[in-house]
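Participant: As a plain string of letters, each chain reads:
6 protein chains.
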Amino acid sequence: EYVARPAGVCTMMRLPYQETALGLDAAFIGVPLDTGTSNRPGARFGPRHIRGESSMVRRYNISTGAAPFESLMVADIGDVNVNLYDLKDSCRRIREAYQKIMAAGCIPLTLGGDHTITYPILQAVAEKHGPVGLVHVDAHTDTGDTALGEKIYHGTPFRRCVDEGLLDCKRVVQIGIRGSSYSANPYDFCREQGFRVVLAEDCWFKSLVPLMSEVRHQMGDGPVYISFDIDGLDPSFAPGTGTPEIAGLTTSQALEIIRGCRGLSVVGCDLVEVAPVYDQTGNTALTGANLLFEMLCVLPKVKVY
Amino acid sequence: EYVARPAGVCTMMRLPYQETALGLDAAFIGVPLDTGTSNRPGARFGPRHIRGESSMVRRYNISTGAAPFESLMVADIGDVNVNLYDLKDSCRRIREAYQKIMAAGCIPLTLGGDHTITYPILQAVAEKHGPVGLVHVDAHTDTGDTALGEKIYHGTPFRRCVDEGLLDCKRVVQIGIRGSSYSANPYDFCREQGFRVVLAEDCWFKSLVPLMSEVRHQMGDGPVYISFDIDGLDPSFAPGTGTPEIAGLTTSQALEIIRGCRGLSVVGCDLVEVAPVYDQTGNTALTGANLLFEMLCVLPKVKVY
Amino acid sequence: EYVARPAGVCTMMRLPYQETALGLDAAFIGVPLDTGTSNRPGARFGPRHIRGESSMVRRYNISTGAAPFESLMVADIGDVNVNLYDLKDSCRRIREAYQKIMAAGCIPLTLGGDHTITYPILQAVAEKHGPVGLVHVDAHTDTGDTALGEKIYHGTPFRRCVDEGLLDCKRVVQIGIRGSSYSANPYDFCREQGFRVVLAEDCWFKSLVPLMSEVRHQMGDGPVYISFDIDGLDPSFAPGTGTPEIAGLTTSQALEIIRGCRGLSVVGCDLVEVAPVYDQTGNTALTGANLLFEMLCVLPKVKVY
Amino acid sequence: EYVARPAGVCTMMRLPYQETALGLDAAFIGVPLDTGTSNRPGARFGPRHIRGESSMVRRYNISTGAAPFESLMVADIGDVNVNLYDLKDSCRRIREAYQKIMAAGCIPLTLGGDHTITYPILQAVAEKHGPVGLVHVDAHTDTGDTALGEKIYHGTPFRRCVDEGLLDCKRVVQIGIRGSSYSANPYDFCREQGFRVVLAEDCWFKSLVPLMSEVRHQMGDGPVYISFDIDGLDPSFAPGTGTPEIAGLTTSQALEIIRGCRGLSVVGCDLVEVAPVYDQTGNTALTGANLLFEMLCVLPKVKVY
Amino acid sequence: EYVARPAGVCTMMRLPYQETALGLDAAFIGVPLDTGTSNRPGARFGPRHIRGESSMVRRYNISTGAAPFESLMVADIGDVNVNLYDLKDSCRRIREAYQKIMAAGCIPLTLGGDHTITYPILQAVAEKHGPVGLVHVDAHTDTGDTALGEKIYHGTPFRRCVDEGLLDCKRVVQIGIRGSSYSANPYDFCREQGFRVVLAEDCWFKSLVPLMSEVRHQMGDGPVYISFDIDGLDPSFAPGTGTPEIAGLTTSQALEIIRGCRGLSVVGCDLVEVAPVYDQTGNTALTGANLLFEMLCVLPKVKVY
Amino acid sequence: EYVARPAGVCTMMRLPYQETALGLDAAFIGVPLDTGTSNRPGARFGPRHIRGESSMVRRYNISTGAAPFESLMVADIGDVNVNLYDLKDSCRRIREAYQKIMAAGCIPLTLGGDHTITYPILQAVAEKHGPVGLVHVDAHTDTGDTALGEKIYHGTPFRRCVDEGLLDCKRVVQIGIRGSSYSANPYDFCREQGFRVVLAEDCWFKSLVPLMSEVRHQMGDGPVYISFDIDGLDPSFAPGTGTPEIAGLTTSQALEIIRGCRGLSVVGCDLVEVAPVYDQTGNTALTGANLLFEMLCVLPKVKVY
Ligand SMILES: [Mn+2]
Ligand SMILES: [Mn+2]
Ligand SMILES: [Mn+2]
Ligand SMILES: [Mn+2]
Ligand SMILES: [Mn+2]
Ligand SMILES: [Mn+2]
Ligand SMILES: [Mn+2]
Ligand SMILES: [Mn+2]
Ligand SMILES: [Mn+2]
Ligand SMILES: [Mn+2]
Ligand SMILES: [Mn+2]
Ligand SMILES: [Mn+2]
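Order-wise, the sequence lines are chains L, P, Z, E, Y and X. Reading the first sequence from the start, the letters are residues 1 to 305 in this note's numbering. Reading the second sequence from the start, the letters are residues 1 to 305 in this note's numbering. Reading the third sequence from the start, the letters are residues 1 to 305 in this note's numbering. Reading the fourth sequence from the start, the letters are residues 1 to 305 in this note's numbering. Reading the fifth sequence from the start, the letters are residues 1 to 305 in this note's numbering. Reading the sixth sequence from the start, the letters are residues 1 to 305 in this note's numbering.
What the hints contain is simulated information worked out from the structure, not anything from laboratory work. C-beta: ideal position from N, C-alpha, C; glycine also. Only true hints are included.
Under 10 angstroms between C-beta atoms, here's a sample of chain Z residues computed to sit facing chain P:
| id | residue |
| --- | --- |
| 1 | D34 |
| 2 | T35 |
| 3 | G36 |
| 4 | N81 |
| 5 | N83 |
| 6 | L84 |
| 7 | Y153 |
Work the whole structure out from these sequences, hints included.
Facilitator: Written out as structure tokens, the structure is:
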């Protein structure tokens with residue numbers, strides 16, 4: 001029966017809740033952590049609010065024809081219980097939680113949380129799949145080395161991943177990059193690794209369908225992880241985030257990017273940096289919920305009408 | 001283990017979720033309906049936000065010594081699936097849902113929703129317990145007869161209850177009543193039925209402990225229902241509601257009222273009219289969550305340290 | 001004399017208020033109803049806030065040269081007194097109110113209210129003009145059949161209009177359509193009727209001037225009604241609405257659509273689904289006010305410099 | 001017929017609008033000026049929002065039995081057209097507008113606007129009635145002399161009134177005064193004139209009924225003006241104002257003050273300093289609307305049940 | 001050492017604060033005035049909030065390679081102490097403050113304040129440099145003559161500049177102009193002076209790089225002032241402003257405009273009309289901070305990598 | 001000269017800024033840390049917003065006659081540069097910063113930040129003064145032992161202080177304590193140490209002047225530290241905080257508490273837990289600014305008129 005939108009205990013898309021990933025093809029999971037944030041905190045409430053607004057998302061993707069729930073077993077498996085007072089211990093907790101998900105053969109779709117969390121997630125993902133290709137949408141490369149002597153916060157996850165060999169660096173693309181910098185050559189590191197860096201300036205005023213054709217070629221058949229920092233979007237589309245940068249991507253471009261990943265061997269996805277307290281309308285969380293649904297729709301084996 | 005406050009799929013006080021009331025002594029249940037609202041809508045999202053903020057509420061009531069979870073089986077049983085487009089059909093749906101709860105021998109603690117819902121809830125409650133005593137906290141008596149020809153909206157539930165004999169009228173008290181009126185003698189109906197009407201003016205600047213002593217005497221041993229309209233509180237304490245009236249009760253008085261119900265034969269409770277979109281901080285929903293916990297703490301058989 | 005923007009009892013564009021449409025060529029009228037809303041309510045306050053923000057709108061349309069007040073008698077005729085507690089009775093009240101407006105030979109420009117209201121408005125319009133062509137801007141087709149057994153809510157008005165023969169179906173265009181769906185083929189109904197459905201995806205990154213040239217051809221000389229659901233716009237432009245969908249139209253495209261209707265035989269217009277409580281800046285209401293002014297500017301007989 | 005709360009072109013309490021005060025016993029009138037504000041502006045939108053929220057206020061005052069509309073002809077006469085760019089010219093415009101109201105024999109109830117406006121209003125009032133007694137509720141005495149060389153802004157109106165002999169200084173009371181100061185002895189001026197200054201500290205935790213008994217005695221039979229700065233209230237009750245000061249009056253005390261003026265020869269009233277943009281819920285404007293209604297209820301000749 | 005973003009007494013980009021412009025090549029300076037605003041006030045707090053959000057802006061401009069702090073001595077020199085109660089006296093205060101800055105040979109980068117302030121700023125600038133070219137981004141031409149008899153407010157600064165010969169009129173371009181008007185031919189004045197008026201409609205859907213090539217040619221070698229009214233941007237990008245107009249520029253276009261000024265002889269810049277109270281997320285202030293940084297990056301003599 | 005309230009680079013009360021405490025009797029200092037927060041983060045921006053709102057606070061305390069700036073050298077010395085990514089390292093940084101302040105013989109008045117910071121502050125204070133008496137206003141005792149294995153977060157500072165002998169436990173009072181608990185006997189620890197615990201319930205409806213007379217006696221002549229958690233106040237007065245608890249203290253009681261400390265040997269003060277993003281009006285930050293000023297006013301040697 002049709003359920004009124006405001007009704008129901010709040011899970012992602014009002015899916016069934018279960019405690020573990022056992023028996024699932026894909027699972028939505030929250031990581032309510034934001035203590036890796038350099039500016040405005042609040043992403044710890046990202047999972048709660050993305051779930052809340054996800055009641056607007058229906059089961060069929062008309063634009064692409066995808067019907068994920070006809071092909072995959074999907075549930076909401078709740079949140080990782082993070083340690084808000086020790087970021088490194090939280091990383092351990094996240095890694096261990098995702099090792100269990102990977103062991104269950106389930107594809108995780110993560111509701112962040114700040115971008116720090118992608119580092120321990122990728123530790124677990126690469127442990128199973130080996131170094132992964134990465135489609136990374138963000139205003140920032142997140143490849144800093146340290147801040148105040150710290151190696152772990154939301155500005156460094158992909159540097160840490162490179163350090164540990166979790167990425168197949170030739171199969172990394174970063175889209176939407178922009179903003180001012182602490183140094184004159186901040187993208188040198190990325191390019192030295194072989195990453196493709198697509199600046200926001202190169203995306204202005206146009207469709208990203210051609211870019212994604214190239215990205216699919218770049219990614220090839222290997223395992224691919226999608227990491228979507230909501231601040232890759234322009235702040236007009238996603239005001240509710242911690243480190244906004246002006247002149248970013250549009251939501252239409254975001255859809256083109258994710259939909260352009262269809263056919264890739266996607267082994268995991270995340271949507272991070274939704275900070276609800278800066279999102280008075282809930283529309284940033286709603287955007288996050290839609291983007292997560294779009295990611296689900298491009299997973300391998302999803303039926304398309 | 002301690003769970004971080006932002007973590008967890010969102011149920012009331014992060015209690016287990018179950019689909020029915022079977023096996024429970026008490027259950028939290030949401031009724032996400034607001035189409036009976038005369039002014040600002042939004043209470044349909046009351047259950048979602050009260051659950052969200054309830055992560056601040058811990059298991060022991062230090063002020064009263066109550067430890068409800070040591071005595072009672074309690075769960076969150078989700079929401080009634082209301083019909084947002086037909087208020088009368090929603091009333092039928094609510095009544096039927098509560099008939100099942102009553103049949104299970106479970107005490108319902110309701111997260112509203114606008115005050116319309118108390119009418120069908122009391123139909124189910126009185127069907128089991130006979131006419132009930134009522135502790136009603138509100139800025140309004142909610143005993144109007146009709147508006148625009150309609151007999152059912154959030155201004156009339158207790159008139160409808162009187163019409164159907166659901167209330168033991170000598171055991172009804174209405175506390176916090178105030179505001180302007182459409183007629184010169186709006187309380188005449190209440191007093192003719194035998195209700196005690198306690199005006200907000202008579203509560204200003206003082207403790208309500210003495211009042212509650214009288215209320216307990218008034219209620220005696222019969223079944224009692226507690227209906228708490230959050231607009232009974234002053235708008236400074238509960239801005240997030242649809243028909244605020246100035247110069248109302250304090251939260252300390254609200255606690256005195258509910259705590260003053262200990263010892264009564266409470267058979268059901270509701271907390272209604274939280275409209276989260278007018279509650280930017282979430283503090284009205286938080287207040288609602290606390291008041292519901294306090295109601296749980298005065299249920300019969302709750303252990304007190 | 002110049003009037004300070006904050007000054008004046010609040011009518012649309014600070015026009016004179018009169019109680020009926022008698023003597024007017026066109027009239028602004030509010031329908032403060034939102035009980036047909038499936039998700040976030042609040043559109044009942046759309047008329048009040050659109051009027052408030054309309055003090056920013058001046059009398060001449062520089063972009064198009066239109067000077068509507070040099071050609072037409074226009075006033076604000078207040079609001080339909082809706083029945084918030086019975087949606088079907090509200091439809092009756094709206095229909096009767098618009099029958100009077102049509103009888104006066106006046107073109108109504110409606111400040112909604114949720115989209116349910118277009119159904120009874122079109123009953124009155126078609127009663128006078130026969131089946132009308134429709135330029136419908138929206139994220140949704142609003143051609144659902146029922147929800148929870150109900151045939152009338154904001155997801156069904158154009159299905160009801162088809163049922164009653166109020167539309168000249170070959171002269172219907174729906175622009176901006178997008179979002180997920182409850183079924184795999186949601187546009188089949190529209191296309192079977194002969195509607196043209198223009199998806200948002202087909203509007204991204206480009207001007208709609210060419211589309212509107214085709215639309216004018218489609219509409220021909222017959223009577224045309226313009227129904228503009230503010231959620232046709234992207235939520236970045238119109239956050240204050242009840243069922244936002246990401247990746248929608250821009251306000252520049254909205255202006256192109258409305259301005260592209262010049263020359264058509266427009267017999268009525270509405271702007272619906274502005275929900276001010278989700279519009280903290282007032283900019284959604286301001287957008288609504290501007291779009292209504294633009295509609296006024298394309299009415300037949302408006303002088304153009 | 002009952003009118004739905006959101007319906008209707010927005011006048012104070014949805015009273016009829018008329019352009020002048022002719023034929024009225026009392027009139028609501030707005031002065032949308034805030035350029036006399038020293039800190040947070042926004043009171044220019046006070047009249048619009050007080051009118052909007054006043055749809056919650058009904059016709060009978062149950063607490064006092066007053067039925068003003070059974071005794072007095074009352075209407076909303078719109079706003080004074082202020083000059084936002086020249087404060088002194090605005091004062092001239094206000095004075096002239098009120099001279100016309102006074103000439104019509106009508107009692108003005110003003111929706112401010114910042115407190116600067118009381119100075120030109122009292123020029124017009126005293127021109128008719130001679131020096132008036134004053135019941136002034138405020139956090140501030142508003143008796144500064146100059147700021148930056150300026151003699152006119154919202155910190156000086158009552159100094160200017162003293163300068164011009166508009167006040168009967170022995171019949172002035174200022175209630176709710178508090179806050180830090182630019183000098184060690186800021187109340188000396190007031191007390192030298194003979195004003196009674198009632199500090200907020202002297203109002204904490206108690207009823208002001210005894211105070212008002214003394215005030216009535218102080219005021220005697222002469223003409224009295226009530227000037228209520230909403231910042232006299234504590235910011236918890238009235239967040240939406242420009243120069244909030246902590247630890248102020250409660251709304252219950254505000255009601256006691258105004259109701260305590262019954263029997264006085266009230267010749268005019270104002271409610272100033274509501275700044276809606278700092279009042280997200282609208283509850284400060286709602287409070288202003290209620291207080292204005294209470295002032296209406298204590299005008300001479302109002303029938304009491 | 002890296003400084004945590006929330007840390008530090010709040011100056012623009014956390015630059016050193018000094019009281020005067022002596023010894024500086026360029027200086028950020030605030031003008032916290034908003035009493036020239038015709039609609040929503042609040043820009044008086046623009047400087048405070050632009051400074052606050054500027055902690056997100058880092059020292060290198062990656063997109064353009066500019067490294068302004070390697071070439072120029074820059075500091076924050078605080079705010080002009082305006083007279084909030086007399087707009088004309090504020091203009092005198094501003095002019096005198098800028099005369100001192102110009103005398104110090106320092107380029108001012110101004111944090112507004114409403115657009116009125118550009119008039120006295122240009123008095124001081126032209127006193128030193130003679131009539132200047134102007135790159136003016138705005139929704140409005142700001143060339144009105146009077147309102148309510150007043151010659152000075154935020155709708156008239158450039159008319160006043162023309163009156164006084166402060167502009168080299170053939171070297172004036174106004175970009176982003178749109179919105180309704182009080183008359184049929186509002187741009188006649190501008191064009192008669194020789195201004196180039198670029199309507200927003202002519203900017204929709206496309207890059208402004210070609211336009212800026214023409215503008216550079218128009219400006220030639222003479223002194224140029226950049227005046228950027230944040231309402232030139234679409235309200236989706238800059239909700240926090242006083243007189244928003246729909247369908248404006250994007251932030252990517254804003255960057256193209258400012259970056260397109262590289263090579264010109266820029267002698268001063270301002271960013272005006274940020275009204276923080278309408279900017280709940282702070283993102284409009286953040287946009288303002290970024291645009292001011294971009295202006296700094298195109299000053300003469302800035303090193304580019 | 002009088003400075004307009006919005007003007008000036010933002011320091012506490014617009015005092016001069018200096019980099020160190022040298023030569024000062026008292027200093028305002030910020031600690032922008034919130035990673036010890038268990039629920040809603042945001043207190044990292046407390047210092048910035050308290051400074052911003054402090055422009056409302058003037059130099060003389062009329063209520064008490066205190067004129068602190070006539071007796072003491074006071075400045076704003078900026079913020080401690082915290083490590084947002086490692087709470088324990090932040091504690092080290094804070095401790096070292098305060099050791100320098102203490103060495104300078106200056107009394108620190110701290111703008112928090114969450115309550116974690118009081119632990120390292122008291123390490124520095126007790127290092128100089130020996131174990132201190134404590135006037136602690138809070139909803140919570142903050143004497144938890146661990147959470148998720150962590151010994152340091154905002155729920156444990158005073159347990160850690162006891163562990164390290166920083167408090168003179170017989171001279172500790174905790175005022176405003178309330179809320180639910182994780183265990184049945186949460187105050188046992190406090191009472192075993194000899195703390196006086198004053199529950200919020202014991203403060204309702206009454207003046208705290210008598211309590212403070214007892215507290216002064218309890219504190220005697222020894223050194224006293226005042227730690228004021230803004231959540232000690234009721235959420236109606238201080239909505240902008242991270243772990244609100246209903247039914248708390250009023251601001252008038254807060255003033256009574258602080259003013260009641262006059263005569264004690266106060267060696268340091270803090271005001272913590274202001275989370276501006278939950279404080280849309282700024283009034284919580286304004287309250288914090290006022291309370292800090294009141295603390296300054298009761299420092300030893302402050303002149304009283
Ligand atoms: Mn990132
Ligand atoms: Mn990012
Ligand atoms: Mn009620
Ligand atoms: Mn009520
Ligand atoms: Mn629609
Ligand atoms: Mn729609
Ligand atoms: Mn005042
Ligand atoms: Mn005041
Ligand atoms: Mn401008
Ligand atoms: Mn402009
Ligand atoms: Mn604490
Ligand atoms: Mn606390």
